[in-house]
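Asks: So you can see what is in the structure, the chains are spelled out below.
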Amino acid sequence: MSVLLDVQDLQTRFKVRQGYVYAVNGVSFRLEEGETLAVVGESGCGKSVTMLSLVRLLPPAASIESGQVLLKGADLLQLDQRQLREVRGGQIGMIFQDPMTSLNPFINIGAQMAEPLIYHRGMGKKQALARSAELLEMVGIPDGETRLREYPHQFSGGMRQRVMIAMAMACEPAVLIADEPTTALDVTIQAQIVELVKALRDRSGVAVVWITHDLSVVAGIADRVIVMYAGYVVEEASVDALFEDPRHPYTVGLLGALPSLDGDAHRLTTIGGSPPDLADQPTFCPFHPRCPYAIERCRTENPALEAVADATARGHRTACWVDIRELQSPVVSGS
Amino acid sequence: MTTQELSATSGIELAQASRSNLWQDALARLAANRLAVIGIIPIVLLFFVALFGPTLTPYDFLAQDFTARLDSPSREHWLGTDELGRDVFSRILYGARTAVSVGLVSTAISLVVGLIMGSLAGYLGGRVDILVVWLTDVTRSMPALLLAIVINLTLKVPLEAWMEQLYLETKNTFFRQTMWVDLVLVFGALALIQWPGYARLIRGQILSIRSRNYVLAARALGMPTSRILTRYVIPNAMGPLIVAVSAGLGGAMVLESAFSFLGVGVQLPIPSWGKMISDGLRMWQTHPHLLAGPAVMMAVITVSFAWLGDGLNDALNPRQWK
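These protein sequence lines are chains D and Y, in that order.
The numbering used here applies: residue 1 is where the first sequence begins, and numbers increase by one.
The numbering used here applies: residue 1 is where the second sequence begins, and numbers increase by one.
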């Protein structure tokens, strides 16, 4: 398999009243053709900003300071606005968290779905509408032709997310970026949406980047996982390796917060505190104030993402000074 | 169960599917609002009269009949006559023309200025935004009537002198008609008073719509900015704007009357309801019809615009859409 998307050393920061907030700090990852990559982490870890940076959909206060985003070898950060619009929707489809507000309430579903087809594919209006009806049926909305004439307020949340998925997939993109698409939905609808994306992926071969903070979703859909914290990738592994052999204390914490069906019922562990807003490039591990394994070095040096020693699977990397397997129980941090 | 079967079992689903167009939807909601419908009738009449007033009036609004001064309402003069024997009904109909033209023109001017300033502030943000907001604050900090009086007092004389000079240069009698000076001053004053409201409304609309998810989603689909503006931002900003314009039209007419009442609006011989009210007030105890005619007219139109604006607000407010 060849590399489809290659992100290198991406840095994005936000201008705030006093200086900057560093939201994405040298994030690198690769996405191979047909692969599904999950990006996990708490709210505020830079997951969404990373993905918005890829297609430069950032709010005005944010700026990309360095890095490369190579899509099939072409750097998206160097494209002009026109070329960039071709990529958005054409090469990279996106779906967002809140389907209730992601559709324009003033135009009907058909006109809305036809827009990208007319714009990217140069279809006529009739043709675009016919294709839209097909797309609706493809995402499991029956009676597409009738529903095209309806407006967003006549659709439920799950239906709207299906419409969003259909629109994102309309121009057969190479990459589908799903930014927490199930977070705002009921659990039963969540499962349907996950299954739908899996089915579409298997049929079209689109590579998927699935942003989530729900590790149970990750297990069901992803091939590989990157864990983000404070704008850094702190661990990267295949999905099996991550669940069986997590090496970063943050990943361990996230897994500990996940209820499990087997084993004894016990109180779920939580990670105290919340991720920091970095006002500067840190000279410490950004996770150390919340880390039960923290040692002195964590306070003075920020670890880089490096291959895990004696990993069970290839491509397992983590950014931690401590080999947490050596420790039987977490040392109580002094801070 | 398919959608059709669902529709067959529950009439609600079917009713919803048949309502397709949002504008039709809004219109239906407006038509269901009794006060708004009642309000529309005088407004339509007003515009009709403003357009065709001079051909409808039984008498010329300037025709003086000294044999019938200060007559009470009668078969010849439905609403009586004034001091100079002019037919009050004819003058009210002609005054509608003043009210409507002042309302429309001043609203149009302030809307255009407000649209430009508001969208500049909303889109560009930063210093432009701060400047525009500051300008609107400064303008709004001055009482409307006081501002109109200041404009009238400071600009009227130089403007008239300038027109006189133009007349001397061109010999075009158009420049001799000082009523145009009055109208221009009233339009200008009203526009100056009203544009900040529209500018702030539009700025707020653009700021809020620009950060909506559907705009982000449209950008993520690669839509060009012009398309996003025309298909996503502007239609969604229309509702509150229509409501504001409806209220603004009524407001402008009331303000014009207030100016005329205070003597800084349009001057004789153009009939203005405000001027008629102020004239009638001098002898309301002996000849109440002079006050009653224009005052009742004014009240009816003001209330009608308020009801229509209210109805539009309810019809176009997305929060009430189910």
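To be clear, the hints were calculated from the coordinates, so they are not data collected in a lab.
One or more hints might be untrue.
Unchecked claim - Just some of the chain Y residues that point at chain D, by a computed CB distance under 8 Å: (1) ALA26; (2) ALA28; (3) SER208; (4) ARG212; (5) TYR214; (6) LEU216; (7) ALA217; (8) LEU221; (9) GLY222; (10) MET223; (11) ARG231; (12) TYR232; (13) PRO240.
Virtual Cβ for every residue (Gly too), placed ideally from N, Cα, C.
Asks: Report the numbers of all earlier hints that the structure fails to satisfy, in ascending order.
Replies: 1, 2, 3 and 13
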